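Here is how the chains run, residue by residue.
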Amino acid sequence: AQKITQTQPGMFVQEKEAVTLDCTYDTSDPSYGLFWYKQPSSGEMIFLIYQGSYDQQNATEGRYSLNFQKARKSANLVISASQLGDSAMYFCAMREQGGGNKLTFGTGTQLKVEL
Amino acid sequence: NAGVTQTPKFRVLKTGQSMTLLCAQDMNHEYMYWYRQDPGMGLRLIHYSVGEGTTAKGEVPDGYNVSRLKKQNFLLGLESAAPSQTSVYFCASKSFTGATNQPQHFGDGTRLSIL
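For the record, the sequence lines run as chains A and B.
FYI, the numbering for the first sequence is 127 to 241, going by our numbering.
FYI, the numbering for the second sequence is 160 to 274, going by our numbering.
Derived by calculation from the structure, the hints in this document are not laboratory data.
Treat the numbers as computed from the prediction; the structure is a model and nothing was measured.
Wrong hints could be hidden among the right ones.
Chain A is faced by these chain B residues, among others (derived, beta-carbon under 8 Å) [what the hints assert, rightly or not]: (1) 204; (2) 209; (3) 249; (4) 265.
Once the Cα atoms are required to be at most 20 Å apart in a straight line, the calculated SDA-like pairs of lysine to any residue come out as [to be verified]: (5) B/216 - A/196; (6) A/196 - B/260; (7) A/129 - B/267; (8) A/129 - A/222.
Residues of chain B clear of chain A, computed beta-carbon distances all greater than 10 Å [what the hints assert, rightly or not]: (9) 200; (10) 211; (11) 236.
Here a beta-carbon is modelled for each residue, glycine too, at the ideal position from N, C-alpha and C.
Could you put the whole structure together from the sequences, leaning on the hints where they help?
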């Protein structure tokens, strides 16, 4: 069974600093995809970034980047130059094996950006 | 663009009552999903559909039924609501075609309380 683990229930970071949110996964499928979503206090799920298992380079999207270490089965999200608006819950998810492009989600990390 | 629209946004039910949550997407997506989000547990897949007229069980299907009579709509039904079904429900959709990095697009959620 596939599994996603986010070990940090809560994180604090000072404005303008960088922060890393951890995500480890477990799968026997050589082909998989990893997604990060942001959920602000308003509740919606916002897609941030994607990493494919065969991608040669770590994904980047603006201030978001993935530290993808395939051998360690980790896909940590790095947010650079944190802003107050980055305060939110962050979820790591993995595309499951089999049909339907289903996602398995981690339990999330609550990030608080402080002045 | 509306994207994924969930109706209603909030609902309070009494134990034993029934109701249907409606999800509508205007992106012509083939795949649709229903998740529930509970504190400390991330999002868990209830049911999903890979196309009009098809549905399949997810991780936590008990107590729920779904229907996909039209491509753009995915209905989630609770036949006899129980307090354990108090949760926030999210609908999502995804295109079948396109690159594997295409994410699921989420609605804003329905907050359901069962008394």
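Hint by hint, here is what the structure shows:
Taking 8 Å as the C-beta contact cut-off toward chain A, the hint placing residue 204 of chain B at the interface holds, the least distance being around 6 Å. Taken as an interface hint, residue 209 of chain B checks out: its beta carbon lies about 5 Å from the nearest beta carbon of chain A, inside 8 Å. With 8 Å as the threshold, the beta carbon of residue 249 of chain B comes within range of chain A, its nearest partner Cβ sitting at about 7 Å, so the hint holds. For residue 265 of chain B, the suggested interface contact is upheld, since its CB lies about 4 Å from the closest CB of chain A, less than 8 Å.
A C-alpha spacing of about 30 Å is found between residue 216 of chain B and residue 196 of chain A, which places the hinted pair above 20 Å, so the restraint is violated. Straight-line distance between C-alpha atoms of residue 196 of chain A and residue 260 of chain B comes to about 17 Å, which keeps the hinted pair within the 20 Å bound. Only pairs whose Cα atoms come within 20 Å are accepted, and residue 129 of chain A paired with residue 267 of chain B is rejected, the gap being roughly 25 Å. A threshold of 20 Å between alpha carbons decides the hint, and for residue 129 of chain A with residue 222 of chain A the separation of about 9 Å falls inside it, so the pair holds.
With a least CB separation of 6 Å from chain A, residue 200 of chain B falls inside the 10 Å interface cut-off, contrary to its annotation. With a least beta-carbon separation of about 15 Å from chain A, residue 211 of chain B lies farther than 10 Å from that chain, consistent with its non-interface assignment. Annotated as non-interface, residue 236 of chain B keeps its C-beta farther than 10 Å from every C-beta of chain A; the closest such distance is 20 Å.
Hint compliance for this structure: hints 5, 7, 9 are not met, and every other hint is.
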